[in-house]
Every structure is written in C-alpha cells, then in structure tokens.
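Asker: Using the sequences provided together with the hints, build the complete structure.
Below, each chain spelled out in residue letters.
Number of protein chains: 2
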Amino acid sequence: MATVEEEELPLVLVHRPPNFNFPFKHRLQTHFRLLDPLDLDPPGSTNSFFSRHSASIRTSAAAGKAFSPDVADLAVALLIDVLRRVSAGFRYVRGGLWTRNGEFPLGFKLGGKRVGIVGLGSIGSEIAKRLESFGCVISYNSRRKKPSVPFPWYKNVYDLAVNSDVLVVCCALTEETRHIVSKDVMISLGKEGVIINVGRGALIDEKELVQLLVRGELRGAGLDVFENEPDVPQELFSLDNVVLSPHCAVATPECFDALEELITANLKAFFSNKPLQSVVEF
Amino acid sequence: MATVEEEELPLVLVHRPPNFNFPFKHRLQTHFRLLDPLDLDPPGSTNSFFSRHSASIRTSAAAGKAFSPDVADLAVALLIDVLRRVSAGFRYVRGGLWTRNGEFPLGFKLGGKRVGIVGLGSIGSEIAKRLESFGCVISYNSRRKKPSVPFPWYKNVYDLAVNSDVLVVCCALTEETRHIVSKDVMISLGKEGVIINVGRGALIDEKELVQLLVRGELRGAGLDVFENEPDVPQELFSLDNVVLSPHCAVATPECFDALEELITANLKAFFSNKPLQSVVEF
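Read top to bottom, the protein sequences are chains Z and G. Residue numbers for the first sequence follow UniProt numbering, so the first one is 1 and each next one is one higher. Residue numbers for the second sequence follow UniProt numbering, so the first one is 1 and each next one is one higher.
You may find that some hints are simply not true.
Which copy? The list can't say, so a pair holds if one copy fits it or any two copies do.
With a cut-off of at most 35 Å between alpha-carbon atoms, the simulated DSBU-like pairs for lysine-lysine come out as follows [what the hints assert, rightly or not]:
hint	residue 1	residue 2
1	K65	K129
2	K145	K129
3	K25	K191
4	K191	K155
5	K274	K25
6	K146	K129
7	K129	K155
8	K155	K207
9	K145	K65
10	K146	K274
11	K129	K191
No wet-lab data here; the hints were simulated from the structure.
Answerer: Right under this line is the structure:
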C-alpha cells in the first residue's frame with residue numbers, strides 16, 4: 001500500500017524499452033510516484049494499464065540532448081578506427097604479428113575527407129562539430145534545409161553519397177527512413193566509401209551492406225547498431241575493415257547523471273506549469 | 001657510376017631511421033642525388049661516410065608539421081577507445097558475448113575530462129584543437145609557457161598530472177624527457193587516470209606503467225609506442241582497459257604525399273637560397 005506521503009507525489013508513467021534499466025529509478029522515486037508498465041504482471045501488459053489510468057494521463061517527454069555528445073564521440077571513434085585501422089592494428093599487436101611480420105600496413109587520413117551526415121539533429125550536429133576539428137569537409141541530408149547551418153545540404157541521401165567519402169548515419173528510424181541507405185546509395189558512395197551507423201540498424205539495408213563489404217565494394221564500415229540486435233551478421237567478423245560495437249553509443253555513467261538531472265527538472269517544471277528545459281518534437 | 005646529368009643534381013644526405021623506408025625515395029631522385037648511409041656497406045656505417053663528405057655538408061632539416069594531424073587523430077582515437085571501451089566492445093561482439101550475456105558494461109564520457117598534454121608542439125596543439133571540440137578541458141606542460149596559447153600551463157609534469165584525468169604524451173624524446181612520466185607522475189594522476197602515448201616509448205617508465213595497470217591503479221592506457229619496439233609487454237595483452245597500436249600514428253598515404261611535397265619544396269628552396277616552407281627548431 002502506498003503511504004499518504006507517496007500519494008501526494010505527482011504520478012509519472014514510465015515509458016521505456018524492456019532492456020533499458022535506468023539506474024536512477026530509485027532516486028526519481030523520491031520526487032515522483034512512478035508507474036512502470038514493465039513492473040506489471042505480466043510485464044508490459046499496458047493495455048489494461050492504460051485503460052485504467054487513461055483519464056488522468058497528461059503527456060510529456062523528457063529526453064532531449066543528454067545523449068548526443070556520447071553518440072557523437074562513438075561515431076568519431078568508429079570513423080577514425082575504420083580509416084586508421086586501429087582495431088586491426090590492435091589485433092596485429094596482440095597476435096604477435098608486429099614482431100613476426102614487421103610494420104603494419106598504412107591506414108587512411110581523416111583530414112580532407114568529405115563526410116556526409118544523414119540526419120543533422122542534435123547528434124549529427126555534435127558529430128559535425130567534432131569532425132570539423134579534424135579537417136573533414138561536412139555536408140548533410142535532412143528533410144528540410146536548416147537555415148542556420150553553414151554546411152551544404154542535399155535533398156536526398158543518394159546525392160549526398162555521390163558527393164561524400166564517408167556517410168555517417170544518425171537520423172531517427174521512421175517508416176520513411178527505414179533502409180534509407182539502400183544498395184544504390186552505398187554503390188554511389190563508391191569503392192573508397194566508408195559507412196558509420198550510430199542511428200538504428202534498420203536505417204541501412206544490412207544484407208546489402210554485408211554483401212558489398214564482403215565483395216570489397218566499400219572501403220569499410222563502423223557499426224554500433226544492427227537490424228536484429230544482438231545478432232550481428234557473422235560474415236562481418238572476419239573483415240579487417242569493419243569495426244563492430246554492441247549498441248553502446250549511449251552509455252556512460254556521466255550521461256545517465258545528466259539524464260537524471262534533466263528528467264527530474266523537466267518533470268518538476270511540468271507539474272508546476274513552468275517551461276521545460278528540453279522539449280522533444282514529434 | 002653516376003652519369004653527368006646526375007652529377008649536376010644537388011647532393012642530399014638522407015638521415016632516416018633504418019625501419020623508415022620512405023616510399024617517395026625514387027621520385028626524390030629525379031630532383032636530387034641522394035646519399036643514404038643505410039645504402040652503405042655495412043648499412044649505417046656513417047663515421048667513414050661523414051669523414052669522407054664532411055667538407056661539403058651544409059645542414060638543413062625538412063620535416064615540419066606534415067605528420068602532426070595524423071598523430072593527433074590517432075591520439076584522439078586511442079583516448080575515446082580507452083574511455084568508451086571500443087576495442088573491448090568489439091571483442092565482446094566478436095566473441096559472441098553480446099548474444100550470450102546481454103548489454104555491454106558502461107564506458108566513460110569524454111566531455112568534461114581534464115586532459116593534460118605533455119609537450120604542446122605541433123602535434124600537441126592539433127590534439128588540443130580536436131579534444132576541445134569534444135568538450136575536454138585542456139592544460140599542458142612544456143619547458144616554457146607559450147604566450148599565444150589560452151590553456152593553463154604547468155611547469156612540471158607532476159603538477160599537470162595532479163590536475164588532469166588524462167595525460168597525453170607527445171613531446172620529443174631527449175635526455176631530459178626520458179621517463180618524464182615516472183611512477184610518481186602516474187600515481188599522482190590517480191586511479192581514474194588514463195595515459196595516452198603517441199610520442200616515444202621511453203617517455204614513460206614502461207615497467208612501472210605495466211605494474212600500475214596490472215594492479216588496477218590506473219583507469220587505462222592507449223599506447224602507440226613502446227620502449228623496445230616491436231616488443232610489447234605481454235602483461236598488457238590481457239587487460240581490457242588497454243589499447244595497443246603498432247607505432248602507426250604517422251602512417252597514411254596522404255601524409256607521405258604531403259611529406260614528399262614539403263621535402264621537395266624545402267630542398268629546392270634550400271639550394272636556391274630561398275626561405276624554407278617549414279623550419280625545424282633544435
């Protein structure tokens with residue numbers, strides 16, 4: 001039974017994917033009464049849950065940009081890794097090949113590469129800011145041209161790919177963007193093209209990507225996300241020019257601290273009818 | 001025997017480490033007559049070589065900043081890799097652990113980290129420029145404070161370490177800087193400290209570094225250089241928080257192109273008494 005004190009706390013419905021165990025749940029409970037459908041029996045039985053609470057629900061969204069820098073950092077790491085062959089070099093050292101075979105084959109330079117960013121939201125903008133400091137040349141694709149952005153805009157991903165050495169995929173996954181990086185887009189990127197995906201697996205036609213990589217029709221790829229996570233196409237494991245990461249773009253303790261702060265502030269603002277610190281646009 | 005035409009080309013003495021097989025040697029030979037002590041018999045028998053040619057030698061140095069961006073790129077890659085556990089995550093995927101064990105443990109955020117750069121020359125400056133775009137807070141150590149640089153300067157490496165989360169080592173190796181990152185310096189960096197070395201192996205007391213890493217008294221290390229290359233201390237191979245790279249900070253084809261251009265231009269300027277494009281200060 002809830003105590004009287006708990007009853008006085010604002011009621012907050014938690015909407016989260018089952019595998020997202022947010023570490024600050026207990027601390028949020030000092031400010032709010034949390035209703036988490038995944039605590040229900042059976043977990044996620046939201047239909048009856050929503051019908052019971054529908055009358056009292058007001059919607060809010062608390063997420064914002066807290067994760068963007070971490071995702072951008074990983075995108076840059078994956079790109080340098082693929083171009084400069086950091087992971088491959090590490091395996092070379094670990095395997096004792098440096099001693100046996102001598103110098104490690106050359107990698108490719110980051111500076112001067114034309115990087116096309118698919119989706120210039122908060123993550124894409126953070127990626128652009130970082131890659132500019134490496135001397136990369138940025139352009140982007142998004143539904144609409146962003147007037148405040150100095151980079152060239154391409155109306156479609158195909159044109160962006162034709163004019164890029166690297167595609168960094170970081171847009172939202174919607175029905176329109178599913179497989180936005182199609183076989184044709186990848187072919188137009190060319191044999192020296194590199195693909196980085198820190199968005200969602202299904203933004204890329206993964207089967208085609210694997211085929212192109214296996215056949216050597218792309219220079220390489222750095223992938224944090226996959227179509228059927230945690231399953232990763234086994235063909236990629238033996239390719240020296242592919243770097244794989246277990247969907248961990250968004251995952252630092254400092255990031256969760258920032259998120260907790262933001263969510264708490266947003267919810268407090270929401271319940272006292274003050275402006276939110278961050279608003280998610282749908 | 002040299003032909004008459006060759007005799008008319010300016011004579012250039014090549015000074016290079018034995019394992020640096022510069023790929024544009026043949027093209028340089030179209031402009032200059034190269035004397036490379038390593039082509040002698042026995043290779044490197046420079047004493048007799050110098051005594052034979054000493055009368056005609058004028059000194060020049062052609063190197064400059066062509067390599068700096070590549071070294072800086074690798075330093076940043078190593079740092080993100082250690083903090084965000086990119087290589088460890090890759091092994092997790094390759095080993096099938098993502099499917100078996102679920103989510104990969106959290107890494108650490110780059111933004112906000114206090115990065116102390118040991119040696120703010122052209123490489124250190126390029127590193128600083130990049131890391132600022134990630135939200136890192138830069139300070140540095142060098143023999144003298146650099147008036148044009150906005151970052152805090154520390155007179156010695158010990159004070160720099162006390163005030164840093166990360167040390168990036170990229171100064172020149174001299175008698176004064178050998179083991180500049182001593183056990184004391186590393187201990188003052190603290191248990192959450194990270195060390196990146198893209199300078200020379202002997203800048204760090206490697207034996208002590210290995211011991212501290214094995215005992216968990218540092219958060220991690222990213223090392224491109226080692227005291228006895230290509231030998232790498234085997235104890236490091238089993239540590240998940242250490243990223244190893246086979247001295248490949250300076251190694252992209254684009255970089256060698258830039259170097260060839262610079263060396264050719266500098267030597268031509270030198271022989272026609274024009275100002276050099278880049279001057280190395282000793």
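Asker: Against this structure, judge whether each hint is valid.
Answerer: Structure-based check of each hint:
no., hint, result
1, K65 <-> K129, "both (15 Å within a copy, 23 Å between copies)"
2, K145 <-> K129, "both (18 Å within a copy, 29 Å between copies)"
3, K25 <-> K191, "between (47 Å within a copy, 28 Å between copies)"
4, K191 <-> K155, "within (23 Å within a copy, 49 Å between copies)"
5, K274 <-> K25, "within (23 Å within a copy, 69 Å between copies)"
6, K146 <-> K129, "both (15 Å within a copy, 26 Å between copies)"
7, K129 <-> K155, "both (21 Å within a copy, 32 Å between copies)"
8, K155 <-> K207, "within (25 Å within a copy, 56 Å between copies)"
9, K145 <-> K65, "within (20 Å within a copy, 37 Å between copies)"
10, K146 <-> K274, "within (29 Å within a copy, 48 Å between copies)"
11, K129 <-> K191, "both (26 Å within a copy, 31 Å between copies)"
Checked against the numbered hints above, the structure breaks none of them.
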